[in-house]
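Trainee: Given next are the chains, with one letter for each unit.
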Amino acid sequence: MAVKVYGPAISTATVRVLLCLEEMGAQYELVPIDYSTGEHKSPPHLARNPFGQVPAFEDGDLMLFESRAISRYVLRKYKSSGPDLLREGSLEESAMVDLWLEVEAQQYDKAISAIYIEIAIKPVYFGGVPDEKVVAESVEKLGKVLDVYEARLSKSKYLAGDFLSFADLSHIPYTHHIVASPHASLFESRPHVKAWWESLASRPAYKKVTAGTPTSK
Amino acid sequence: MAVKVYGKPQAVCPQRVMHCLVEKGVPFEFVLVDIDTMEHKRPEYMEKHPFGQVPFIADGDFELFESRAIVRYFASKYADRGPNLLGRTAEERAKVEQWLDVEAITYSPCAFSIVFNLFLLPIRGLPGNKGEAVASMEKLDKILEVYEKQLARTKYLAGDEFTLADLTHIPVTRYLVEHCGLAYLLDDKPHAKAWWEDVSSRPAWKKLMSFVASGASFYAP
Chain A
1 MAVKVYGPAI
11 STATVRVLLC
21 LEEMGAQYEL
31 VPIDYSTGEH
41 KSPPHLARNP
51 FGQVPAFEDG
61 DLMLFESRAI
71 SRYVLRKYKS
81 SGPDLLREGS
91 LEESAMVDLW
101 LEVEAQQYDK
111 AISAIYIEIA
121 IKPVYFGGVP
131 DEKVVAESVE
141 KLGKVLDVYE
151 ARLSKSKYLA
161 GDFLSFADLS
171 HIPYTHHIVA
181 SPHASLFESR
191 PHVKAWWESL
201 ASRPAYKKVT
211 AGTPTSK
Chain B
1 MAVKVYGKPQ
11 AVCPQRVMHC
21 LVEKGVPFEF
31 VLVDIDTMEH
41 KRPEYMEKHP
51 FGQVPFIADG
61 DFELFESRAI
71 VRYFASKYAD
81 RGPNLLGRTA
91 EERAKVEQWL
101 DVEAITYSPC
111 AFSIVFNLFL
121 LPIRGLPGNK
131 GEAVASMEKL
141 DKILEVYEKQ
151 LARTKYLAGD
161 EFTLADLTHI
171 PVTRYLVEHC
181 GLAYLLDDKP
191 HAKAWWEDVS
201 SRPAWKKLMS
211 FVASGASFYA
221 P
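As given, the protein sequences belong to chains A and B, one line each in that order.
In this text, residue positions in the first sequence follow UniProt numbering: the first is 1, and each later residue adds one.
In this text, residue positions in the second sequence follow UniProt numbering: the first is 1, and each later residue adds one.
These aren't lab readings, by the way, just hints derived from the structure by calculation.
For clarity, every value in this text was computed on a predicted model and none was experimentally measured.
Cβ atoms here follow ideal geometry from the backbone N, Cα and C, with glycine treated the same way.
Be aware that a few hints might be false.
[Stated by the list, open to error] Partial list, computed: chain B residues near chain A (C-beta under 7 Å):
id, residue
1, A69
2, Q98
3, D101
4, Y156
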């Protein structure tokens, strides 16, 4: 039975899970959740994700939420049919994957999502105007994070080590939008970060999952 | 060679790591990095921890930061001793990670906003942002309603055993209850209240609180 992912295809957290399923060649069904009708707060969806967020994930009797937890589950379940993205055969390598996943979820995500919300979500979904002060502060914050990444990636091919891991892929959903925006220079101006991004963006799973997603202008 | 934990023993994130080590019966040396004098932002420390935060650990030659990566590391390394902190099946493990992420992304940022504005700033004689604290308290109440529903079904967050998912909540929740007067948020949530009373009376947590109060540098199980 195919696993199910509940969420809009354009949701960055949903994309995170879809990327992992595609990397592992897994069969899955994407069940769209319509934010415009408040479906994410409807009782059936709250039964899947009690915080009323997306994505939610179903594998038989197992219901999960939180995109990174879902992704880890997927990467383990389909471990024999795709790349080793969690490195659980090595205590130290898997710890490095966990470390950079925490950095992604706390430092990177906070700064980059704030930019995306201002320049893409607000204007498109709420007819609002970007708060330039918030954008400027978030761009500065993201710049500082990317300085650390630049230093790291000058010593190590990927974030957790010389191997590609889920820690790298987890950065794709928001980065995909920002590199297509006026703030692409954040990535273009840092040569190791730029090369790292280009490597991620060349992956077939990336191209497949992001084919239908609009990028911000 | 003993594990070294770098940080300030009263700080929430180092306490997560130390609690995990105490649960697993692993001795460690605590090395003070004085965040009150901004030691964590000085170049010497930032060479180890490029984001200038605590904790940082050294386990022999292996160095790591990010408290939740560290507790996963020790829970895996010492899977064969002490309580099982990671779940026993793939499904249980996924639930542990789900609630770890809820703590990291939803619970703690809200909790920290309250602790920062109602405790950390005032004890330094600085004004906390009451409006921000109140907004966060309302948010926390709603988050705890979700926890109440889960804890009415399972004894602990990820299932019927205590795991990392419960552990990472404890240090900041203690600040909320003991220093910010927020125990009342649990009064109308009997299962969440029982969960808090259970996890905060774990012998390993009590041992850690004694260790922190003692000002000692070396912990031996």
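Trainee: Against chain A, run the beta carbon of B/A69 and see if the smallest gap drops under 7 Å.
Mentor: holds, 4 Å
Trainee: Answer holds if the nearest beta-carbon of chain A is closer than 7 Å to that of B/Q98; otherwise answer violated.
Mentor: Hint on B/Q98: holds, closest Cβ of chain A at ~4 Å, below 7 Å.
Trainee: Given B/Y156 as an interface hint, is its Cβ closer than 7 Å to any Cβ of chain A?
Mentor: With a closest approach of 16 Å, the B/Y156 hint is violated.
Trainee: Report holds or violated for the interface hint on B/D101, using the least CB-CB distance to chain A and a cut-off of 7 Å.
Mentor: This interface hint holds because 4 Å falls under the 7 Å limit.
Checked against the numbered hints listed earlier, the structure breaks hint 4 alone; every other hint is satisfied.
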